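**Q** So the protein sequences, as listed, match chains A and B. Residue 1277 in our numbering is what sits at position 176 of the first sequence, and the numbering runs on without skipping anything. Residue 1146 in our numbering is what sits at position 45 of the second sequence, and the numbering runs on without skipping anything.
Everything labelled a hint here was simulated from the structure, so no lab data went into it. Any given hint could be a false lead.
In this list, chains with the same sequence are indistinguishable; a pair is considered to hold if it fits within one copy or across any two.
[As the list claims (entries may be wrong)] Once the Cα atoms are required to be at most 25 Å apart in a straight line, the calculated SDA-like pairs of lysine to any residue come out as: (1) LYS1220 to GLU1185; (2) LYS1220 to MET1102; (3) LYS1220 to ASP1132; (4) LYS1220 to ALA1188; (5) LYS1220 to ALA1145; (6) LYS1220 to GLN1260; (7) LYS1220 to THR1202; (8) LYS1220 to GLU1257; (9) LYS1220 to ILE1122; (10) LYS1220 to GLU1106; (11) LYS1220 to ILE1247; (12) LYS1220 to PRO1187; (13) LYS1220 to GLU1130; (14) LYS1220 to ALA1191; (15) LYS1220 to ALA1103; (16) LYS1220 to ARG1109; (17) LYS1220 to ALA1128; (18) LYS1220 to ASN1186; (19) LYS1220 to VAL1131; (20) LYS1220 to ALA1163; (21) LYS1220 to ARG1249; (22) LYS1220 to LEU1261.
As the structure is a prediction and not an experimental result, all values here were calculated from the model.
Protein chains: 2
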Amino acid sequence: MAILEAARRQFASGGFTATTIRSVAAAAEVDPGLVVHFFRTKDALFVAALELPIDLPGELLAAMRGEPAEAAERLISTYFAIWENPATAAPLTAMFRSAATNDQAANMLREFLLARIGKSADLPRPAATVSLLFAQLLGIAVARYIVRIEPIASMELDQLARELTPLAEFVLARGDASAS
Amino acid sequence: MAILEAARRQFASGGFTATTIRSVAAAAEVDPGLVVHFFRTKDALFVAALELPIDLPGELLAAMRGEPAEAAERLISTYFAIWENPATAAPLTAMFRSAATNDQAANMLREFLLARIGKSADLPRPAATVSLLFAQLLGIAVARYIVRIEPIASMELDQLARELTPLAEFVLARGDASAS
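Use the sequences and the hints to build the structure in full.
**A** Spelled out as structure tokens, the structure:
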């Protein structure tokens, strides 16, 4: 599809911020309305262009809403459901490996997350809390699925969730307290 | 130095577990006592062979001793002192990037950490607590220094320490409670 090819090229060469629905439409020689019709938002276009099977930050932000205890449980179960499914884990691993070693890929990921976390009005929690949780979840995934550090790598998922849920709740509640 | 070259070759090809002071000494055609004289332990030989400027897991384990509140503060300040110093951060970044993308490097790092965390009798905390803290600290470093996710990447170090210290204390205290 010409739109996706154009988007992939522009996100890769110009980064997330410089790429717009309009610039992608121009490169693909279609009307911007057609891009909106197919992809709705630039975020969704980015996710499609990178062939990510899922909008991970979007899923996590949605899971973070509500009371800390509930939000923590939802966040941990949402996150690990994604990582325990090979169909969604494989492309995430690929994206993470690119971001860890390739500055251009890191820039794209960073700008994409910044565009998300930067829209503070839409965030379910303070930006510092969101980025802290993202960083911690990232670390656990790297330790468990990529570098495979024991005992986290072989821990039963139930036990891991029991370890992590109170921790996520602590971060959420602390963030709420410092914001109020 | 022949010992370091032999160690580097063996750690890289055979991994951490298969490499011994004896096997390195044999490859370097020296007496094992000479290897012990220079490097004392296999851990120290590994750190020297990888040209790591510091034994990061050893420093972190030492920092984790004592009361949770004190240990948390010491752990966070030790960890970020290492990452904020370019001389120690650069080789750690290189090692991390290798481990994220190269299975052989990941194996070496994993076996090295496993050998450390596996020696439960020497651990200052339960193995699950230690690996959880390692994973979380890893995630924060990746977010701040490698992928540079905002607002963590630009946060003043003081503020970051204020965010993370209570969290580390929570993990330490929880681990102690579940172990007792």
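**Q** Evaluate each hint against the coordinates.
**A** Each hint, compared with the structure:
1. LYS1220 to GLU1185: Result: close neither inside a copy nor across copies, 29 Å intra and 29 Å inter.
2. LYS1220 to MET1102: Close neither inside one copy (30 Å) nor across copies (55 Å); limit 25 Å.
3. LYS1220 to ASP1132: neither (27 Å within a copy, 63 Å between copies)
4. LYS1220 to ALA1188: neither (29 Å within a copy, 36 Å between copies)
5. LYS1220 to ALA1145: within (16 Å within a copy, 47 Å between copies)
6. LYS1220 to GLN1260: Result: close only across copies, 21 Å inter versus 34 Å intra.
7. LYS1220 to THR1202: Classified as neither: same-chain Cα gap 27 Å, cross-chain 32 Å, threshold 25 Å.
8. LYS1220 to GLU1257: between (36 Å within a copy, 21 Å between copies)
9. LYS1220 to ILE1122: Result: close within a single copy only, 18 Å intra versus 55 Å inter.
10. LYS1220 to GLU1106: For LYS1220 and GLU1106, the Cα distance exceeds 25 Å both inside one copy (27 Å) and across copies (52 Å).
11. LYS1220 to ILE1247: between (30 Å within a copy, 23 Å between copies)
12. LYS1220 to PRO1187: neither (31 Å within a copy, 32 Å between copies)
13. LYS1220 to GLU1130: Neither way: LYS1220 and GLU1130 sit 30 Å apart in one copy and 62 Å across, limit 25 Å.
14. LYS1220 to ALA1191: For LYS1220 and ALA1191, the Cα distance exceeds 25 Å both inside one copy (28 Å) and across copies (32 Å).
15. LYS1220 to ALA1103: Classified as neither; 29 Å inside a copy, 56 Å across copies.
16. LYS1220 to ARG1109: Within. Shortest intra-copy distance 23 Å satisfies the 25 Å Cα cut-off; inter-copy 48 Å does not.
17. LYS1220 to ALA1128: Classified as neither; 27 Å inside a copy, 58 Å across copies.
18. LYS1220 to ASN1186: neither (29 Å within a copy, 32 Å between copies)
19. LYS1220 to VAL1131: neither (29 Å within a copy, 62 Å between copies)
20. LYS1220 to ALA1163: within (14 Å within a copy, 40 Å between copies)
21. LYS1220 to ARG1249: Intra 34 Å, inter 17 Å, cutoff 25 Å: inter-copy only.
22. LYS1220 to LEU1261: Between copies, since 21 Å is at most 25 Å while 31 Å is not.
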